[in-house]
Amino acid sequence: MRLRSLGGSARLRRALGLALLLTAATFLLDTPASADQGPGAPVRLGAVEELLQYLLIGIARGAVFSLIALGYTMVYGIIELINFAHGDLYMLGAFMALSVVACCGGESLSGGAAAGAIALAFLVSTAFTAGVNFGVERLAYRPLRNAPPLAPLLTAIGMSFIFQNLGLFWGGLPIAGMGSQAAAPKSFPDLLPTVNLVQALGIPSGLSFTTKDLFVIATAAPLMVGLTLFVRFTRLGKAMRATAQNRMAAQVVGINADRVIAATFLIGGGLAGAGAVINGLYNNTIVFDMGYNAGLMAFTAAVLGGIGSIPGAMLGGFFIGIVSSFSDWQLATQWTPAVVFGLLILVLIFRPQGLLGRETGEKA
Amino acid sequence: MGRELRRGPFGVIALAAAALLAGGGLGSGCGPKGRPGIVKIVSSLPMQGSSLGQTQTIVDGIRMAIEEAGGKVGSFTIEYEPWDDASAQKGSWDETVEAENARRAVNDPDVLVYIGTFNSGAAKVAAPILNREGLLMISPANTWPGLTKPGNWDPGEPGIYRPSGKLTYFRVVPADDIQGPVSAAWAQELGVKSVYILHDQETYGKGIAEIVRRECEKRGIAVKGFDGIDKKAPEYRSLMTKVKGTDPDLVYFGGITQNNAGQLVKDMVAVGVRAEFMGPDGVYEKAFIEAAGAANANNRCYITFGGIPPKNLTGKGKVFYDTFVAKFKKEPEGYAVYGYEAAKVALEAIRRAGKEEREAVRAGCAGIRDFDGMLGKWSFDANGDTSLKFMSCNIVKNGELEFVKLMTVD
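Chains A and B supply the protein sequences, listed in that same order. Each residue of the first sequence is one higher than the last, beginning at 172 in this note's numbering. Each residue of the second sequence is one higher than the last, beginning at 562 in this note's numbering.
Some clues are possibly wrong.
Residues from chain B that keep clear of chain A, each with C-beta distances beyond 10 Å, as calculated [what the hints assert, rightly or not]:
| id | residue |
| --- | --- |
| 1 | 652 |
| 2 | 695 |
| 3 | 727 |
| 4 | 771 |
| 5 | 795 |
| 6 | 824 |
Okay, the calculated bits of chain A under chain B, using three or more residues with CB under 8 Å as the criterion [what the hints assert, rightly or not]:
| id | stretch |
| --- | --- |
| 7 | 257 to 264 |
| 8 | 354 to 367 |
| 9 | 397 to 410 |
| 10 | 432 to 440 |
| 11 | 458 to 471 |
Don't read these hints as lab results, they were simulated from the structure. The model shown is predicted, which means the values in this text are computed figures rather than measured ones. From the three backbone atoms N, C-alpha and C, an ideal C-beta is built for every residue, glycine too.
Could you put together the complete structure from these sequences and hints?
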């Protein structure tokens, strides 16, 4: 087992190296000629700048995937349940955020009022998704704790449908921000300033890195760091790790496993809510079925990083964000899902435990 | 979901009843007979999702036409049922629901006319099912040329939609073999030298995008790229960065509002693409402007549409517009007039048939010439297409669609 896994990672390293080389070669060949730069054309990006540009887009995109992936991985780590309703929980968070922001005044907000509305949206939406996830665990998953693993899995799929239809219902409510049609994409007010920091700082480059991009990273990163520190250094974090390792043994030493599991759902749900607010403010569109795609990507990120591993989920999220951004650029957006899932298959073949996952016999 | 659940048992009962009827019919050697004196017209349009704004006014248009006729043609009483071909899960048309509708229609002996569909992809599903049973289908909105016209479209088109060899599919809107060339010609008039073409990977969207590509190349407009988009993606920043790198004068999107057309416009703005945006009739609706955000769409989005926007109709069309607004207390969306026209054509076909027989009604429709319609006099050609050949050019201004002019191509 151990030997094979070592061989696998050596092969993986070789494959990664090869992929890097190939990408580098593509960039060198693809350096744009400066001859066809017509008058009035925007400043052409150099090869390195171009690479950096797509990397930045990928990082911002990956940050949201990571936040959702954390919810998947934490729940899996602790009770081995793939919580299929998690993507739709994220969608509900987005609807809550839109409702809050729209009630505060929506598009007309600016300056301090906008900042206040954003803060309120974070607070309400995070509390809401945390609460919903907590409630669902209590009502739907806990009674099935000792049932065969398929039962909670199916329950999760059922919850996903319930959430999605709740979103559809919510979208049809005659309240601010929902527009005229329930299933239509809703416009999320664009409250963040869009200032290109590269230009504002006087850097002579055509790169675009706006305050909006910065906002995504500046809000997502502390959440992730905070979670990592929490799990590593607090009593509850320690209890979580213990329960994840061996629930029975944890209970023997006096850890209340039910309470630890509830806390896990609370935190995972809250992160999905925060991710939903960030996504709403960044992409400005929400729709009732957005949870499916987001959930799928995040689940893939969690598996890619090694399901059950918190740093793995973050790495996986960023990895998928960056890969999909590069794929949009070098191939076409229609191929991006194929590239992402192709990569997942490759990783699972050569490293079944994921990038940062540990090979553990008892959880297979 | 709820919708499908509700429909589930009903569909089963309908199918069982139909099977009984069909069985009896086969035994006695003649087709199933409906209630005498009753003629049923059904429509199959997406009544959920953001197409609803459009389709609701189409249904209103159909209702209006039937009510104006007093609900009767000769001695026949007309019954009308608006059916839904969308599912909540998809938020737009769903091929399983469309197929179910088509089968339900052929199995109901009262149904003599099927008005639909809204989306060309849905017509692909319904047309062959209805054709086998010789049931007349009139579309108020399909624009994919392959549904009717001989030519180099998808494999087997249009023959695959006519397995019985008879013409059962008709449409009252000009198709994309007119819209595509008009789009390219208009772009050239606007001074466009280069274009980046995107599409939503559906029959309609990819179809019109390919025609636009061909026409642009013909006219010497440089096509900088041609990409399908992942219609469920949360954003298109890297795609738009790529587009920005090629610096086109125009971004053309072949597709519908429901496949993220609004997000494309948002991300064009977010990334700073200087190009204008052009789209076909699939984004000719308020929902598109809502999804894109009026501030992003104003003065930058150019949209073509088959025929004349309701507000700008003249003559009989103007009467339609005024009556519609007075009756329903709202503006008709672009396709409402075609819903009205399709219903008028259906009534005329029934009048010409003079009997409750699918074949007679079908032949009655095929024989319509010099029809005095809302957009002027027109005839059905040998393919089941309208002889109308003009498109309107519109631009988004102040959060509204504003009519610019009519265009046609030879």
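Taking the hints in turn, this is what the structure says about them:
{"no.": "1", "hint": "652", "result": "4 Å, violated"}
{"no.": "2", "hint": "695", "result": "35 Å, holds"}
{"no.": "3", "hint": "727", "result": "37 Å, holds"}
{"no.": "4", "hint": "771", "result": "14 Å, holds"}
{"no.": "5", "hint": "795", "result": "5 Å, violated"}
{"no.": "6", "hint": "824", "result": "5 Å, violated"}
{"no.": "7", "hint": "257 to 264", "result": "violated (count 0)"}
{"no.": "8", "hint": "354 to 367", "result": "holds (count 6)"}
{"no.": "9", "hint": "397 to 410", "result": "violated (count 0)"}
{"no.": "10", "hint": "432 to 440", "result": "violated (count 0)"}
{"no.": "11", "hint": "458 to 471", "result": "holds (count 7)"}
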